Amino acid sequence: MHHLLPLLVAVPLLGAALLVAVGHRLPRIAAEITGFVVSGATAALALVLLLNSSPPMVEWVGGWLPVGGESVGIVVVGDGPALGMAALVSLLTLAALAYSWRYFEEPPRGHRGAFTALMLAFQGAMCGFAIAGDLFNAFVFFELMSVTAYALTGYRIDDAKAVQGALTFGVVNSLGAYAMLLGIGLLYARTGELSMAKIGRGLDAAAGHGGPDALVLASFVLVLTGLLVKAAAVPFHFWLPDAHAVAPTPVCMLLSGVMVELGVYGVWRVYGTVFAGPGGIPAADLTRALVTLGTLTAATAAVMCWYQRHIKRLLAYSTVAHTGLFLVGIGVLTPEGDDGVALYIIGHAGVKAALFACAGVLLDRYGSVDEHTLHGRARELRTTAVLFAVGALGLAGLPPFGVALGKAVTEEAVGGPLTAVYVAASAITAGAVLRVTARVFLGLGPRPQDADSDLETSGAGEEPETAGLLSRIPDTMTTVPALLLAAAFAVGVGPGFGDLVARSVNEAGSGGAHASVHWTLPGVLLGLASTALAVALGGLAVTRPHWTTAPDWARPLRRLQSGHVGDYVAWLLMGATVLGALALPGVLGG
Amino acid sequence: MMHVLPYLVAAYIFLTGCYGLATSRNLIHAIGCLAVCQSSTYVLLLAVGYQDGATAPVFSDLRPGSRPVVDPVVQALTLTDIVVGATVTALLLALVLQIAKRHGTVDPDELRELRG
Numbered sequence: 001m002h003h004l005l006p007l008l009v010a011v012p013l014l015g016a017a018l019l020v021a022v023g024h025r026l027p028r029i030a031a032e033i034t035g036f037v038v039s040g041a042t043a044a045l046a047l048v049l050l051l052n053s054s055p056p057m058v059e060w061v062g063g064w065l066p067v068g069g070e071s072v073g074i075v076v077v078g079d080g081p082a083l084g085m086a087a088l089v090s091l092l093t094l095a096a097l098a099y100s101w102r103y104f105e106e107p108p109r110g111h112r113g114a115f116t117a118l119m120l121a122f123q124g125a126m127c128g129f130a131i132a133g134d135l136f137n138a139f140v141f142f143e144l145m146s147v148t149a150y151a152l153t154g155y156r157i158d159d160a161k162a163v164q165g166a167l168t169f170g171v172v173n174s175l176g177a178y179a180m181l182l183g184i185g186l187l188y189a190r191t192g193e194l195s196m197a198k199i200g201r202g203l204d205a206a207a208g209h210g211g212p213d214a215l216v217l218a219s220f221v222l223v224l225t226g227l228l229v230k231a232a233a234v235p236f237h238f239w240l241p242d243a244h245a246v247a248p249t250p251v252c253m254l255l256s257g258v259m260v261e262l263g264v265y266g267v268w269r270v271y272g273t274v275f276a277g278p279g280g281i282p283a284a285d286l287t288r289a290l291v292t293l294g295t296l297t298a299a300t301a302a303v304m305c306w307y308q309r310h311i312k313r314l315l316a317y318s319t320v321a322h323t324g325l326f327l328v329g330i331g332v333l334t335p336e337g338d339d340g341v342a343l344y345i346i347g348h349a350g351v352k353a354a355l356f357a358c359a360g361v362l363l364d365r366y367g368s369v370d371e372h373t374l375h376g377r378a379r380e381l382r383t384t385a386v387l388f389a390v391g392a393l394g395l396a397g398l399p400p401f402g403v404a405l406g407k408a409v410t411e412e413a414v415g416g417p418l419t420a421v422y423v424a425a426s427a428i429t430a431g432a433v434l435r436v437t438a439r440v441f442l443g444l445g446p447r448p449q450d451a452d453s454d455l456e457t458s459g460a461g462e463e464p465e466t467a468g469l470l471s472r473i474p475d476t477m478t479t480v481p482a483l484l485l486a487a488a489f490a491v492g493v494g495p496g497f498g499d500l501v502a503r504s505v506n507e508a509g510s511g512g513a514h515a516s517v518h519w520t521l522p523g524v525l526l527g528l529a530s531t532a533l534a535v536a537l538g539g540l541a542v543t544r545p546h547w548t549t550a551p552d553w554a555r556p557l558r559r560l561q562s563g564h565v566g567d568y569v570a571w572l573l574m575g576a577t578v579l580g581a582l583a584l585p586g587v588l589g590g
Numbered sequence: 001m002m003h004v005l006p007y008l009v010a011a012y013i014f015l016t017g018c019y020g021l022a023t024s025r026n027l028i029h030a031i032g033c034l035a036v037c038q039s040s041t042y043v044l045l046l047a048v049g050y051q052d053g054a055t056a057p058v059f060s061d062l063r064p065g066s067r068p069v070v071d072p073v074v075q076a077l078t079l080t081d082i083v084v085g086a087t088v089t090a091l092l093l094a095l096v097l098q099i100a101k102r103h104g105t106v107d108p109d110e111l112r113e114l115r116g
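As given, the protein sequences belong to chains S and G, one line each in that order.
Quick note on our numbering: the first sequence kicks off at 1 and runs consecutively.
Quick note on our numbering: the second sequence kicks off at 1 and runs consecutively.
Calculated from the structure, these hints are not laboratory results.
For clarity, every value in this text was computed on a predicted model and none was experimentally measured.
Treat each hint with caution, since some may be false.
Said to hold, decoys possible - Here are the computed distance ranges between Cβ atoms for each label pair:
(1) S/192 - G/86: 21 to 31 Å
(2) G/54 - S/518: 55 to 65 Å
(3) G/28 - S/70: 37 to 47 Å
(4) G/6 - S/208: 55 to 65 Å
(5) S/588 - G/15: 46 to 56 Å
(6) S/283 - G/107: 42 to 52 Å
(7) S/278 - G/28: 19 to 29 Å
(8) G/57 - S/559: 46 to 56 Å
Think of the CB as a built atom: it goes at the ideal place given N, C-alpha and C, for glycine as much as any other residue.
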């Protein structure tokens with residue numbers, strides 16, 4: 001069974017190569033069906049492997065087995081979390097391909113199938129990153145998924161905003177990746193190993209009885225900088241709203257639903273395998289760093305989300321807020337926290353992809369994603385309105401959605417005042433989505449006034465992604481979000497699903513401790529509380545429109561999102577410094 | 001000191017590239033600065049594998065074990081890294097070209113539509 005692991009990468013990449021080679025000779029429908037089959041086969045393979053992932057599988061690609069404990073081969077690891085992420089990636093790619101069925105205008109002659117090919121390459125790269133067992137291949141797949149994501153973001157090359165957002169995305173993410181590679185180089189210098197597990201053991205052996213030193217700290221900061229750029233933690237997050245606002249909707253579903261979460265997964269994997277030993281970074285320092293950055297991320301992004309009028313940017317900030325919550329959850333380093341975040345990520349992927357899919361309907365129907373100009377215009381789209389509202393409630397953590405189960409388990413693991421961060425961040429971001437639902441789909445409340453237009457991106461006057469404005473919404477564009485929401489619902493109610501996820505996460509990490517996952521009364525009450533808060537906030541915003549005009553204290557925060565790529569690079573360096581300072585005490589103490 | 005020097009050089013190159021990126025007035029220059037940042041990784045990786053008095057790890061005219069050789073793994077990593085870098089640079093330059101066509105400028109100070 002473990003010999004099949006590399007196919008998770010090989011099948012989509014070969015499919016992409018095939019489409020690039022012969023796609024222009026195929027009729028369009030054949031190219032799209034090929035993409036569908038390849039992506040679906042990979043998803044099926046990932047699910048089969050996932051069901052057989054206990055005990056975890058290890059595969060040395062091409063039969064380059066270690067000799068006498070030394071290895072030069074490529075190792076891929078198939079444990080629960082790795083294959084779970086690969087399955088999530090594949091299923092979401094399948095959903096995005098279904099959503100974009102005959103979606104774009106006929107591409108220029110000679111490039112038919114290019115979009116499908118890029119999506120498959122993206123899928124293969126993300127699967128590769130999930131199952132990579134050594135750090136250098138993690139870097140290569142990290143770069144491959146970044147590069148395909150830049151290309152997909154700028155897919156509509158005639159759209160001025162799209163190419164600009166893609167460039168910002170490209171510069172910031174590539175810089176993060178190079179920082180990560182510097183860190184990997186330092187780790188190799190210390191241990192002479194590239195496989196994550198062996199680097200971890202090497203660091204412990206090199207440290208002896210002493211603790212970590214400056215080199216370990218430097219490599220930790222550099223590797224985490226790369227991963228946190230991908231995870232869009234504040235202050236590494238500036239690229240994300242720009243990229244998500246301009247990327248084609250099916251791509252947004254993947255970027256927000258799973259690519260950003262792979263950054264969080266990378267942090268979890270690298271800390272647990274490489275830096276968790278006595279020669280690595282002490283647990284207290286990791287907790288301090290991740291909880292601080294995570295809380296900051298959730299708070300900043302919730303505020304930014306609330307004052308957006310560009311619907312796709314609003315959803316993008318909600319993703320940033322939620323990754324902040326994920327980082328806090330893995331930062332407390334408890335088995336329950338890991339289980340909760342895993343469920344939270346699965347539920348969030350379904351809900352967020354569905355919300356983006358509905359935003360795409362607005363874009364293609366009206367040529368706008370601006371909350372102000374769309375006020376009351378989408379009354380006719382009843383199905384989409386229901387889906388958008390259900391998505392918003394799912395995002396708030398209404399039991400029994402999967403998001404609510406994951407959030408409840410995580411809240412219990414973090415405990416104390418951090419619970420308030422979870423309730424507040426999810427309520428504010430979901431409240432903003434409910435406000436959009438009420439204004440755009442129901443036409444409630446007075447028409448909002450435009451203010452301080454120098455500080456915002458409106459989202460009006462966008463080009464639709466389909467060939468011309470849609471007069472009627474194709475079935476695929478409502479079925480896909482409905483299925484995604486149903487899946488997010490099933491994650492919460494499926495009997496034993498939570499325990500299954502918990503078991504496979506705990507088997508791979510968390511020091512072998514097992515935690516059981518189930519609905520608890522406080523969890524349900526907290527979920528209901530954040531939903532009620534979200535509804536209240538949404539209602540207040542609709543009836544009192546000045547609540548959504550940024551007050552003076554929020555203006556400097558919005559001004560930071562300056563749209564200037566140089567500023568974002570400066571923030572990245574600043575973030576790396578802060579990360580180093582947060583992790584420093586343990587190294588000094590050791 | 002000689003053993004620390006390459007690492008200091010790598011850090012210097014990386015930070016120089018970042019400074020250039022942060023203050024750039026032209027996107028083509030910015031992509032160049034990104035490539036400068038990346039070349040710091042080449043220096044670092046090759047420095048990691050370096051040994052005094054060692055030769056290239058090519059065994060066509062060398063009996064294995066007769067002489068110390070520098071670490072071939074980091075050289076393979078550097079080659080892969082160069083390939084990755086070429087891809088990234090090419091794609092980003094293509095995007096800059098498209099930005100120049102659509103916006104009529106490549107000055108990041110004038111490209112500030114996406115904000116707030």
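Evaluation of the provided hints:
{"no.": "1", "hint": "S/192 - G/86: 21 to 31 Å", "verdict": "holds, 28 Å"}
{"no.": "2", "hint": "G/54 - S/518: 55 to 65 Å", "verdict": "holds, 59 Å"}
{"no.": "3", "hint": "G/28 - S/70: 37 to 47 Å", "verdict": "holds, 45 Å"}
{"no.": "4", "hint": "G/6 - S/208: 55 to 65 Å", "verdict": "violated, 26 Å"}
{"no.": "5", "hint": "S/588 - G/15: 46 to 56 Å", "verdict": "violated, 23 Å"}
{"no.": "6", "hint": "S/283 - G/107: 42 to 52 Å", "verdict": "holds, 47 Å"}
{"no.": "7", "hint": "S/278 - G/28: 19 to 29 Å", "verdict": "violated, 48 Å"}
{"no.": "8", "hint": "G/57 - S/559: 46 to 56 Å", "verdict": "holds, 53 Å"}
Consistency with the previously given hints fails for numbers 4, 5 and 7, ordered from lowest to highest.
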